[in-house]
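Undergrad: Quick note: the first sequence, position 471, residue 516 per the working numbering, numbers continuous.
Some hints here could point you the wrong way.
[Claimed, not checked] For lysine-lysine, the following DSSO-like pairs were computed, each having C-alpha atoms within a straight-line distance of at most 30 Å: (1) Lys285 - Lys352; (2) Lys411 - Lys457; (3) Lys625 - Lys560; (4) Lys526 - Lys504; (5) Lys478 - Lys285; (6) Lys457 - Lys285; (7) Lys198 - Lys453; (8) Lys478 - Lys361; (9) Lys198 - Lys457; (10) Lys504 - Lys478; (11) Lys411 - Lys285; (12) Lys463 - Lys361; (13) Lys352 - Lys463; (14) Lys478 - Lys463; (15) Lys198 - Lys463; (16) Lys478 - Lys526.
[To be verified] Label pairs and their in silico Cβ distance ranges: (17) Thr156 - Ile473: 47 to 57 Å; (18) Arg631 - Asp115: 27 to 37 Å; (19) Val376 - Arg338: 20 to 30 Å.
Rather than coming from a laboratory, the hints here were simulated on the basis of the structure. Just so you know, even glycine gets a beta-carbon here, dropped at the ideal spot from N, CA and C.
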Amino acid sequence: MAIRDRPTLPRTSVSDHHRPRPPTRAKTPPMNPSDLYARLRETVLAALTHIIPDLPADIAARVEVTPTRDPAHGDMATNAAMVSAKAARQPPAKIAAALVQRLNAGAEIATAEAAGPGFVNLRLRPDAFRALLPIILTQGEAYGDATTGAGIKINVEYVSANPTGPMHIGHCRGAVVGDALANLLSKAGYAVTKEYYINDAGAQVTALAWAAYWRYLQATGTKMTEEAFASEVPGGLQYKGEYLVEVGNALAARFQASLATPDLGIASPELWLDTVKGFTIDAMMTEIREDLRRLGVEQDIYSSERKLVATGAADKIIDQLRADGLIYEGVLEPPKGKTPEDWEPRPQTLFRSTQFGDDVDRPLRKSDGSNTYFANDIAYHADKISRGYDVLIDILGADHGGYVPRMKAAVKALSAGKTEFGAVLCQIVHIMKGGQPVRMSKRAGTYVTLRDLLDEVGKDAVRFTMLTRNSDAQMEFDLDKVLATTRENPVFYVQYAHARCRSVLRAAAEMFPGKALDETNLAAIPTDSLNGDPELTLIRRLALWPRTVEAAAQAREPHRIAFFLYDLAADFHMLWNRGKDDTTLRFLQSDQPAETLARLALVAATAVVIRSGLVVMGVAPVEEMR
RNA sequence: GCGCCCUUAGCUCAGUUGGAUAGAGCAACAGCCUUCUAAGCUGUGGGCCGGUGGUUCGAAUCCACCAGGGCGCGCCA
46 MAIRDRPTLP RTSVSDHHRP RPPTRAKTPP MNPSDLYARL RETVLAALTH
96 IIPDLPADIA ARVEVTPTRD PAHGDMATNA AMVSAKAARQ PPAKIAAALV
146 QRLNAGAEIA TAEAAGPGFV NLRLRPDAFR ALLPIILTQG EAYGDATTGA
196 GIKINVEYVS ANPTGPMHIG HCRGAVVGDA LANLLSKAGY AVTKEYYIND
246 AGAQVTALAW AAYWRYLQAT GTKMTEEAFA SEVPGGLQYK GEYLVEVGNA
296 LAARFQASLA TPDLGIASPE LWLDTVKGFT IDAMMTEIRE DLRRLGVEQD
346 IYSSERKLVA TGAADKIIDQ LRADGLIYEG VLEPPKGKTP EDWEPRPQTL
396 FRSTQFGDDV DRPLRKSDGS NTYFANDIAY HADKISRGYD VLIDILGADH
446 GGYVPRMKAA VKALSAGKTE FGAVLCQIVH IMKGGQPVRM SKRAGTYVTL
496 RDLLDEVGKD AVRFTMLTRN SDAQMEFDLD KVLATTRENP VFYVQYAHAR
546 CRSVLRAAAE MFPGKALDET NLAAIPTDSL NGDPELTLIR RLALWPRTVE
596 AAAQAREPHR IAFFLYDLAA DFHMLWNRGK DDTTLRFLQS DQPAETLARL
646 ALVAATAVVI RSGLVVMGVA PVEEMR
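Throw the hints in and build the complete structure from the sequences for me.
TA: Here you go:
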């Protein structure tokens, strides 16, 4: 459902009707017990507070246990001695030495040693890592779920395209990034709502309606030429793409000639504009939602700008802001250095966004008295705030970057600073084919629609590839490479790793007839025999999954999941490849049932983690490659 | 002119929010494999992290300035 009938709007002047909400960033986030690193951090912290009983909380919060980059440094390292040196008035080396002494007695720690400027390097007993396998197999895809979100309500708004035509590549990145980010936040413990804002008010959709009306007249057999028609259209005839022909036909079928003059000319807009507009928008939204469905995106809420305007919500918000003294009639300075040629001082209805960190105050009304896009968007965000979200995230194209500070200001004003606003900007995607860029032109009709792209390379390749870059960086999307079945294509490489895991487990079923090799049973298998470096490397990677989820969610960077999965797949393929030269290193060894079962537990756990990562990305974990 | 984002190996990009000797893929070079798990595998070389200062135990990461690229800059959304 779209906009609710009567949004209850928060009063900025009233602060106490907001329920207390948990802080967005808890000072001491609840420890995730299945995160090995988080657990060891607790161990280190306990030792540290024993050495420094009056350790300040803010220092304790800076203590971290991280994976080492160099295996010579052990498995994990902590900065505890360095960050607490100042507060303890002791040199880092002395604290490190004391930590080493206490930690060496630990159950999971094989050795602890001081190194470098004050690091304490920890080498864990292999058992500590292997103990993760039953945890992973028991928890299944829930392994890696974080609690940092603590149920904080987040609204992620994405796509939000003008419903003026089919979706194209430009919309696609935001759709994928938004959807994956929402999934990621949800895995990190946030209460997430996925939302689409339909920009179905304003000049663009009016132009769309005229274009659809032209197709309608054509369908009824008008004698007008396109030139004659276009000369009557305010602002000229836009949206000349073929995709509106069908809409015109549907309009003609539904309304016959009743929307035109008797001689099939242009009737007065009062007679048809709203009807045609609504009809066309509905048709476009049907198409867009179908495109999104094929892309694997299904949002929880679709909000309509038009309905928002119709309910007068925008006017109410402006009145309310005016009552709070945040609206005034004024004249803006021309932009410094580059004054538009037609610049003239003009009084406008302005929002005091500068009071909330913006550079200039922003206009809310156009000269014809209608609302600016910003004004309606303020009302829309007020609506979202009234629905009780703690955090609002908008996924925007990079060309909207300049828009962020004013929206941030508006949210601050509307929520009395209680609701956090954040934007994720998506840079442009350049489509490449045969080594050449594919030029996009809406008018020439040569743009690549999302549907074409999905037909050509498939949902999984589109989604994964869109997530192989930081969304803030420009991206080349090479149509030839995303279908390559080689290591340089991460989609293939990761899916292949999962398929190989499943393949091993299928083959194992023949080796152990009558034994159910499901995750529950494998969780009970002793894994002491997993001693080799490649095995332990793989398990260490699996141990990184929870903190990867947490860090990616906190940074709001879903692409990190893609990179993690690529590394995980590499570790697995390496293990698999050992069996190529030496068949005694393959997973399945009929003369070693116990060792084989242990390896199967590792393989099954790997499959679980790959699967749960792919689920976040919205990519199918395939059972076999075809 | 101002603001925001970006600059890392020949190319495309990571870099665990300030940690130790900066990583991966491609390309290059050198081997292996000729299909029982090769839609390949192993190894090597490759760097002034755009530049200059600063902050501190410690900087690709934070700050200032500069250079180059992208985006934006009153009634477009």
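Undergrad: Any hints this thing doesn't respect? Which numbers, in order?
TA: Numbers 6, 8, 14, 19, in rising order.
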